[in-house]
Each structure stands twice: as C-alpha cells, then as structure tokens.
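K.L.:
As a plain string of letters, each chain reads:
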Amino acid sequence: MRVMAQIAMVMNLDKCIGCHTCSVTCKQTWTNRGGVEYAWFNNVETRPGQGYPRRWQDQDTWQGGWRRNRRGRLRLASGGRWHRLSRIFANPRLPTITDYYEPWTYDYRTLTDAPLGDDIPVARPRSLLTGKPMEITWSSNWDDDLGGTGELGHLDPMVARTREKVADRIRFEFEQTFMFYLPRICEHCLNPSCVSACPSGAMYKRVEDGIVLVDQDGCRGWRMCVTACPYKKVYFNHKTGKAEKCTMCYPRIEVGLPTVCSETCVGRLRYLGVLLYDADAVLAAASVENEHDLYPAQLGVFLDPEDPAVRRAAEAAGITHDWIEAARRSPVRTLIAEYRVALPLHPEFRTMPMVWYIPPLSPVVDALTSTGHDGEDAGNLFGAIDTLRVPLEYLAELFTAGDPAPVRAALERLAAMRSYMRAINLDEEPDEAIPARVGLTGTQVRDLYRLLAIAKYDERYVIPTAAIGDAARLEESALPDGCSLDFAGGPGMGGSGPFGEASGRPVPVSVENFHALRDRGTADRPADTAGPGARVNLLNWDGNGRPAGLFPPHDEARRDDPGETDR
Amino acid sequence: MNTMLWAVLPYLSLVVLIGGTVWRHRYDRFGWTTRSSQLYESRLLRVGSPLFHYGLLFVVAGHVVGLLVPQSWTNAVGVGEHAYHVAATALGLAAAAATIAGIVLLIRRRRTTGPVFLATTRNDKLMYLFLAGTILAGTAATLWNTVGPHEHNYRETISPWFRSLSYLRPRTELMARAPITYQVHVVLAMLLFALFPFTRLVHAFSAPVGYLFRPYVVYRSRDARPPGAGEPRPGWEPVDR
Ligand code: SF4
Ligand code: SF4
Numbered sequence: 001m002r003v004m005a006q007i008a009m010v011m012n013l014d015k016c017i018g019c020h021t022c023s024v025t026c027k028q029t030w031t032n033r034g035g036v037e038y039a040w041f042n043n044v045e046t047r048p049g050q051g052y053p054r055r056w057q058d059q060d061t062w063q064g065g066w067r068r069n070r071r072g073r074l075r076l077a078s079g080g081r082w083h084r085l086s087r088i089f090a091n092p093r094l095p096t097i098t099d100y101y102e103p104w105t106y107d108y109r110t111l112t113d114a115p116l117g118d119d120i121p122v123a124r125p126r127s128l129l130t131g132k133p134m135e136i137t138w139s140s141n142w143d144d145d146l147g148g149t150g151e152l153g154h155l156d157p158m159v160a161r162t163r164e165k166v167a168d169r170i171r172f173e174f175e176q177t178f179m180f181y182l183p184r185i186c187e188h189c190l191n192p193s194c195v196s197a198c199p200s201g202a203m204y205k206r207v208e209d210g211i212v213l214v215d216q217d218g219c220r221g222w223r224m225c226v227t228a229c230p231y232k233k234v235y236f237n238h239k240t241g242k243a244e245k246c247t248m249c250y251p252r253i254e255v256g257l258p259t260v261c262s263e264t265c266v267g268r269l270r271y272l273g274v275l276l277y278d279a280d281a282v283l284a285a286a287s288v289e290n291e292h293d294l295y296p297a298q299l300g301v302f303l304d305p306e307d308p309a310v311r312r313a314a315e316a317a318g319i320t321h322d323w324i325e326a327a328r329r330s331p332v333r334t335l336i337a338e339y340r341v342a343l344p345l346h347p348e349f350r351t352m353p354m355v356w357y358i359p360p361l362s363p364v365v366d367a368l369t370s371t372g373h374d375g376e377d378a379g380n381l382f383g384a385i386d387t388l389r390v391p392l393e394y395l396a397e398l399f400t401a402g403d404p405a406p407v408r409a410a411l412e413r414l415a416a417m418r419s420y421m422r423a424i425n426l427d428e429e430p431d432e433a434i435p436a437r438v439g440l441t442g443t444q445v446r447d448l449y450r451l452l453a454i455a456k457y458d459e460r461y462v463i464p465t466a467a468i469g470d471a472a473r474l475e476e477s478a479l480p481d482g483c484s485l486d487f488a489g490g491p492g493m494g495g496s497g498p499f500g501e502a503s504g505r506p507v508p509v510s511v512e513n514f515h516a517l518r519d520r521g522t523a524d525r526p527a528d529t530a531g532p533g534a535r536v537n538l539l540n541w542d543g544n545g546r547p548a549g550l551f552p553p554h555d556e557a558r559r560d561d562p563g564e565t566d567r
Numbered sequence: 001m002n003t004m005l006w007a008v009l010p011y012l013s014l015v016v017l018i019g020g021t022v023w024r025h026r027y028d029r030f031g032w033t034t035r036s037s038q039l040y041e042s043r044l045l046r047v048g049s050p051l052f053h054y055g056l057l058f059v060v061a062g063h064v065v066g067l068l069v070p071q072s073w074t075n076a077v078g079v080g081e082h083a084y085h086v087a088a089t090a091l092g093l094a095a096a097a098a099t100i101a102g103i104v105l106l107i108r109r110r111r112t113t114g115p116v117f118l119a120t121t122r123n124d125k126l127m128y129l130f131l132a133g134t135i136l137a138g139t140a141a142t143l144w145n146t147v148g149p150h151e152h153n154y155r156e157t158i159s160p161w162f163r164s165l166s167y168l169r170p171r172t173e174l175m176a177r178a179p180i181t182y183q184v185h186v187v188l189a190m191l192l193f194a195l196f197p198f199t200r201l202v203h204a205f206s207a208p209v210g211y212l213f214r215p216y217v218v219y220r221s222r223d224a225r226p227p228g229a230g231e232p233r234p235g236w237e238p239v240d241r
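Same order as they appear, the protein sequences are chains H and V. Its first residue numbered 1, the first sequence is counted upward by one per residue in this note's numbering. Its first residue numbered 1, the second sequence is counted upward by one per residue in this note's numbering.
Hint data in this document are derived by calculation from the structure and do not stem from the laboratory. Watch out, some of these pointers could steer you wrong.
Unchecked claim - Within a straight-line C-alpha distance of at most 16 Å, the following computed EDC-like cross-link-like pairs (lysine to aspartate or glutamate) qualify: (1) Lys132(H) <-> Asp107(H); (2) Lys239(H) <-> Glu41(V); (3) Lys239(H) <-> Asp124(V).
What the hints assert, rightly or not - Label pairs and their calculated CB-CB ranges: (4) Glu291(H) <-> His63(V): 46 to 54 Å; (5) Trp73(V) <-> Pro92(H): 53 to 61 Å; (6) His321(H) <-> Ala207(V): 27 to 35 Å; (7) Gly318(H) <-> Tyr11(V): 47 to 55 Å; (8) Gly318(H) <-> Leu68(V): 33 to 41 Å; (9) Val77(V) <-> Gly80(H): 35 to 43 Å; (10) Ser221(V) <-> Arg268(H): 31 to 39 Å; (11) Pro92(H) <-> Phe213(V): 17 to 25 Å.
Said to hold, decoys possible - Residues from chain H shown here face chain V by an in silico Cβ test under 10 Å; the list is partial: (12) Gln63; (13) Arg81; (14) Trp82; (15) Ile97; (16) Glu102; (17) Asn191; (18) Ser193; (19) Val195; (20) Pro199; (21) Leu213; (22) Gln216; (23) Gly218; (24) Phe236; (25) Asp280; (26) Leu283.
Ideal Cβ placement from N, Cα and C applies to all residues, glycine included.
Kindly generate the complete structure, drawing on both the sequences and the hints.
P.N.:
Written out as structure tokens, the structure reads:
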C-alpha cells in the first residue's frame, strides 16, 4: 500500500444555475491573455448538448483517455509510445480552433470615434486570430439552455448512445425535454492520460496534493496531451506554443484557500477536500474489464482515514498530521465514499477522474410537478426515478459508463432526503421508513441535508495548507511578487508600485489575503488600494469597484500593437 | 578568402551553434518550443509536416554517411564508386523530393492561411529563407554534378575537408576545388547552423527519446524552493525589473 493524498472536488449539479460566474472568474484569473483567449479552464455546458469543445466526449474521433486491450493492459487510446513518436510531426487528432471557437473582440473604437451622423455606430466583431471582421457562428456555450438542441441535440454523443440503448427516445419537444448544467474543470486524474502522453515529460502529478500541472519550461509544444486528455482540458496556447491547463488554483490551495471557481460559485455547490488513496491500486482499478465496474473499482482505491492502519501507513508515507486530519473531515470523502451520492464523470475513460458530481434530481422533480403530481412525495419520487428512464439512462451514460443502478441509488438517496426533510420543514412527523428504504438513518439524512444545503465555507472547503511545518514560509511566498503572468503582454504587466509592479518590498501574500478576506462583504470600497506599493491581486480581488492599478498604465507605444486591441 | 570560408567560418558557426544553444537553454527555456500552428490549420500541415520532417531525417542520415564514412571504407567492403553513387543519388533525391515537397507545402500554407501568416515572426521568415535556400542549393548541386553533365565526386573533396575540420587541420584546398554549386550549399548550411539556436529550429534538439523509457505517469514534488524565493528563474524575470 502506497498512501497518497489528493485534493478532490465534488459539485452538486442540482444547485447549478448555469450563471457562468465560475468560468468568468477563472478566466479573469488564469486565461485573460493572448493565446488562450479561446481556453476555458472552467466551462459550464448545458446537457444535453454538444459541449465544449464540440463533441468532446466522442473518443472515436478524439481518441482521448485509455483503452484496455485484449491482454487486459491499458494503452493510450491515441496509441502506444512508438506510435505517438512516429506521429509527432503532425498530431492527427488535434482539435482545431474551430472545434473550440474562433476568439473575437469587438471594434469598440468605432463607438466613440465615429463621426456625428444619423446612423448609430456599431461595434463589429473582429477575429483575435486574423484581426479581420468575422461572423460569430460558434462559441464555448453556443447551445446554452438547450438553444438549438431541438435540431442539433442528436450531435450530443451521449444522447446518441442513450438512444441506442433505450427504446423510448430522448425527446427534444418542449414538453418532454429535460436539461441541467454541467460545470467542468480538469479532473486531476489519478491515472492521467495527459501526463502519460507528454513526450517531454513536462506534465506531472504533484506528489503532495495530486494536482496535475504543466511545467512551462519543459513543455516543447508537441500537443500530445491535448489529444490524450479525454475531457479536452489541456489547451494549447497558440502564442507561446505551450500547453496550459487548470491548475486547481494551486497557489490558493497551498495556503488553504479554495479555488477561484469554488470561491465565487453562486450556487455554493462546490466542495473541496482531501482524499487518501492507494497509489499502487490505481492501475489495476483502471484496468478492470467491465466498464460498469470502474466506478466501484475507483471507490475501492480510496482509503478510509478512520482506519488506524491507514493513518499509520499515511504517516509512514510522509503525509503530515494535518493532512490526515483534513482527510477525516473531508466533505468530499463524505459525499463520495460515505453517502455515495457523488459519481465520477465518464469513468469509462479510465483516467480515474477526481472531480465528482452529485447527479441532478431536479429533472425528475420537474417532470413530476409538470404532470400534476406532488414532486416531493417520497412514493411519487421513487416511482418516477425508475419510470422516467430517459434522464436516468442519460445520467448513467455520463457518470457510470451506462450502468443505471448507481445513479438510481444516488438519486433515491437524494429523493429520500427531500421528502424526509420536507416533513421536518412542515412540522410533521418525519417518516423513518423513508431513509430506511435507501439504507440510511434519520440522523444520517439530516447530516447529508446539512452538508448539501447549509454547510458553511469552512465545512465545504476543508483544505490543509501546503505543510504545517513550513506553512508560514509558503504563505509568504505562494504568490511570487512578480507572478508568472508577468511576461510581455501578460496581464501582470504594468505596475502599481512606486517603480512599477513588484517594486519595493512586497506585502506578504498571507497578510494581503487576510485583509482582503476579512473585508469582503463588509467593505463598500474597492479592496486593496491603500498605501504605496499596493497592487491588485486578482486572486483575491473582490470584484468591488475598479482599484487603481487593476489595468496597466496607459501606454501609447502598446496601442499600435495589433495583438493588444481593446482586450 | 579560402581560409576565411573553409577554415574560419566553419569553426565560427560551430561555436555560435553550441554557445548559442547553451545560452538559449539557460536563458529562454520558456521560448523553447515548436510553436506549432496546427491549432489554426490542420489539413495542409498533416500532409506537409511529416513529408518534410521524415524527408529531412533521411537527408540528414545521408549526409552523415556521405560525410563521415571515407570512400576507402566503402571500397573495402566491396561497394564500388559507381554503385555507391547510384544508390546515394537515388535515395538522396527521393528524400530531397519529399523534403522539398513538404517545405513548399508548409511555406505556402504559412503564406495563405491568415492566422498562420500572422503568427509568423521576422525571425521565422529569415529562418525559412536559409533553410529553404540550403535545401534547394544542396539538391541543385547534386542534380548538377551527378545526374547532370559535370561528374564530381564530393567524397574526394567535401567529405575529407569536413573530416579534416575535426582534426583541427582544415584542408581548405580541397574545398576550393569543389564546384561552386556545392560551395554555395556549404556556406548556406554554415550560416543556417549559426542561426539555429536563435530560431524555433531548436526544437530539433528536444527530440523526446526519453519518452520511450520512462514510466507513464510522472510524479514530481512541489518545488522545494517556493516560487518567488531567491532569484527569479531565467526567462521568467518580471518585465519591469
Ligand atoms: S482531466 Fe486533467 S488530469 Fe485528467 S487527463 Fe485531462 S488534463 Fe489530465
Ligand atoms: S458559479 Fe456555480 S452556479 Fe454558477 S455556473 Fe458555475 S458552478 Fe454553476
């Protein structure tokens, strides 16, 4: 047994309102630079729908993830080592920019510079790749809220697969359709195919917290990771020629703060915590023959930190005490392993993803209510989960490789919680038979309800700092004073200190974070403007106003640079 | 003049090649990339790039044999001058055809695909000029002097000269005897080598052979030295410092 720790996330899909706040704040923090305009480390897609990039789930086309060969061994779907090196001069399965979308800006200057006249000036879209006027025909969320799904819904690979299996087809007629939102980030997989496909060895999984990163100095731009990631969560920066991906906001995680997407999530539906797992068991679990067994196999890889033997092994493996304690309090572990309401996304890709999802019960409740039934009555709900096969089968294609049983079990637990808690809210005597039907007790249901409905910040995010021993040292320097976005044309460029950005002695990050977090929600002035040497730290800017120094100082010279237009 | 071209220039270009590469590796690891444009355009690249690269691999292999293996050795194993030339010319021209077809396709793609053209720097254009020039001059020289009317055995001039460079006793008189077409090719090649470390060509030095031997999943520890501590790593200095 080789114990390792992993920072994992759970998202409760029932609560996602599709507001895209997570995507936007993530973009502001990590990808508001040239070359990654088209990249969304966090994106939210409407399901059913084609997703972003278009039809990413269709591995016959994209060849992401692993495949199990006849001898029971795993091989990257895009081919073995020799095969990959032989294709190094042109990656045959690389999505082109049109599979994502062509990034654009608007010709804003015509709005202000147009001469006086009768016509209202219009800002026309301009391509960020060619600088030429363009027509917008696709973007990262074109089929938002089932837009166009009536006609294009069959292009969703999972719809196609569900229709193959279920006789009553998924319908996109208005009264019969269903939808939910699926926010996606990198899965920080236990068996990452992106890392395995990198010829330069520039991608790696961090030993301490399992975060998967790209070494920007080591990447040589071979683009094999983009193909190999089945979730299409590695992006190629076409300006720098390097791969970039979701970083799990590691500078924040290291000091115990949640990721930006979690922090800003309007639905408060994200949970972060530590999971302990047995690294030696990963490969075997990822290689089980039947795809339906992948979900239970992955559950089997996780270790129970309540088990003293596991704790001893973890300590022997060098995992610090506070990480083990955090693993015991981990909301993620509770939802995944204890209540089993969270499920992995596409386990059949065999990468052992570590961002899990609580499937949405709402389509079922909505369908019931719209047909005049009581959508929260336990009897109705239990019956409906099974008879409304279409959402169930579709969810199963997403979360359990098509096996409806675990999805049904998770939904039944959520349904039981709903009707049990409704009785409590209405001051009725709760029916203890309801939780019993799904193998829980009343107390457990109340606990689950608390975790899903009212858990506060520190219950949703249980993140140990990088290492208690040198936490102080790391906090002071987790964000370098000249951060990695400070290259030419990067957003960090420009300055706010007396001699420009990062001049003078830097304010320790922990102090900055402390004040920023304490002031949040109470202050009505922009954060972080006081004193010389103040600078805007986008990682904890509260969106409150426009603090000085948020934008680089006005500089005529940069105006002429076509790459810098009105971004 | 002879000394200049055939004794000074080769060493100069070698020094720049090695020194420049070391410098680039130390100070600009972030810029060390293929800077692929496949994201913009994939259809032409998928034909042109393998054609060019595989062709070039064969061309390089041919040069290694032609320049480093002395004529006496091939004679010793019973491959006559004529047989050698026929084989080398046939293989070489096939490889050259692939390389040229590839580079023509790639340059055309660069010129006509909007985003790819915009992403082409002046550095790239210069590099393309020398790269294409060297390849074309080499092919022309071969055609002219072997297939064409002027029979010239480069293994009696260029190859010994090249080997003499490594004994630090360059035999410039040999090179002076070579036809002008070959001389142009060699000069262009030396200039290209000097340019090499400062262009995107450096990606050739990153041929990922190690990939075949390492375990699939790479684990790494968090930087022992936290980011921001100590002096910034080369290539990552804040711009305003
Ligand atoms: S989801 Fe993340 S860790 Fe998994 S293969 Fe893709 S990029 Fe790698
Ligand atoms: S911020 Fe939260 S609620 Fe809004 S789209 Fe993202 S995950 Fe959903």
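K.L.:
For each hint, tell me whether it holds in the structure or not.
P.N.:
Structure-based check of each hint:
1. About 10 Å separates the Cα atoms of Lys132(H) and Asp107(H), which keeps this hinted pair within 16 Å; it holds.
2. Distance check on the hinted pair: Lys239(H) and Glu41(V) sit about 14 Å apart at the alpha-carbon level, within 16 Å; holds.
3. Between Lys239(H) and Asp124(V), the direct Cα distance comes to roughly 14 Å. Compliance with the 16 Å bound is thereby established for this hinted pair.
4. The supplied range of 46 to 54 Å is met by Glu291(H) and His63(V), whose beta-carbon atoms lie about 51 Å from each other.
5. For the pair Trp73(V) and Pro92(H), the beta carbons lie near 41 Å from each other, so the given range of 53 to 61 Å is not met.
6. About 45 Å separates the C-beta atoms of His321(H) and Ala207(V), a value inconsistent with the hinted range of 27 to 35 Å.
7. The hint said 47 to 55 Å for the Cβ distance between Gly318(H) and Tyr11(V), and at roughly 52 Å that hint holds.
8. The hinted range of 33 to 41 Å is not satisfied by Gly318(H) and Leu68(V), whose Cβ atoms lie roughly 51 Å apart.
9. Against the hinted window of 35 to 43 Å, the Cβ-Cβ separation of Val77(V) and Gly80(H) comes to about 37 Å, which satisfies the hint.
10. Look at Ser221(V) against Arg268(H): about 33 Å separates their beta carbons, and that is inside 31 to 39 Å.
11. Taking the beta carbon of each, Pro92(H) and Phe213(V) are about 24 Å apart, inside 17 to 25 Å as hinted.
12. Taken as an interface hint, Gln63(H) does not check out: its beta carbon lies about 14 Å from the nearest beta carbon of chain V, beyond 10 Å.
13. With 10 Å as the threshold, the beta carbon of Arg81(H) comes within range of chain V, its nearest partner Cβ sitting at about 5 Å, so the hint holds.
14. Against a cut-off of 10 Å between C-beta atoms, the interface hint on Trp82(H) holds, since the closest Cβ of chain V lies about 7 Å away.
15. For Ile97(H), the suggested interface contact is upheld, since its CB lies about 5 Å from the closest CB of chain V, less than 10 Å.
16. Interface restraint check for Glu102(H): the shortest CB-CB distance to chain V comes to about 9 Å, inside 10 Å, so the restraint holds.
17. Hint on Asn191(H) holds. Least Cβ distance to chain V is approximately 7 Å, under the 10 Å limit.
18. With 10 Å as the threshold, the beta carbon of Ser193(H) comes within range of chain V, its nearest partner Cβ sitting at about 9 Å, so the hint holds.
19. Of the supplied interface hints, the one on Val195(H) holds, with its beta-carbon coming within about 5 Å of a beta-carbon of chain V, less than 10 Å.
20. The restraint placing Pro199(H) at the interface with chain V holds, with a minimum CB-CB distance near 3 Å, inside the 10 Å limit.
21. Against a cut-off of 10 Å between C-beta atoms, the interface hint on Leu213(H) holds, since the closest Cβ of chain V lies about 8 Å away.
22. Hint status for Gln216(H) relative to chain V: holds, with the closest Cβ pair at about 6 Å, below 10 Å.
23. Restraint check, Gly218(H) versus chain V: the minimum CB separation of about 8 Å is within 10 Å; hint holds.
24. The beta carbon of Phe236(H) comes within 5 Å of a beta carbon in chain V, closer than 10 Å, and the hint placing it at the interface holds.
25. Here the hint on Asp280(H) is broken, as its CB sits about 12 Å from the closest CB of chain V, past 10 Å.
26. At a threshold of 10 Å, the smallest CB-CB gap from Leu283(H) to chain V is about 9 Å, leaving the interface hint in force.
In this structure, the hints that do not hold are numbers 5, 6, 8, 12, 25, in rising order.
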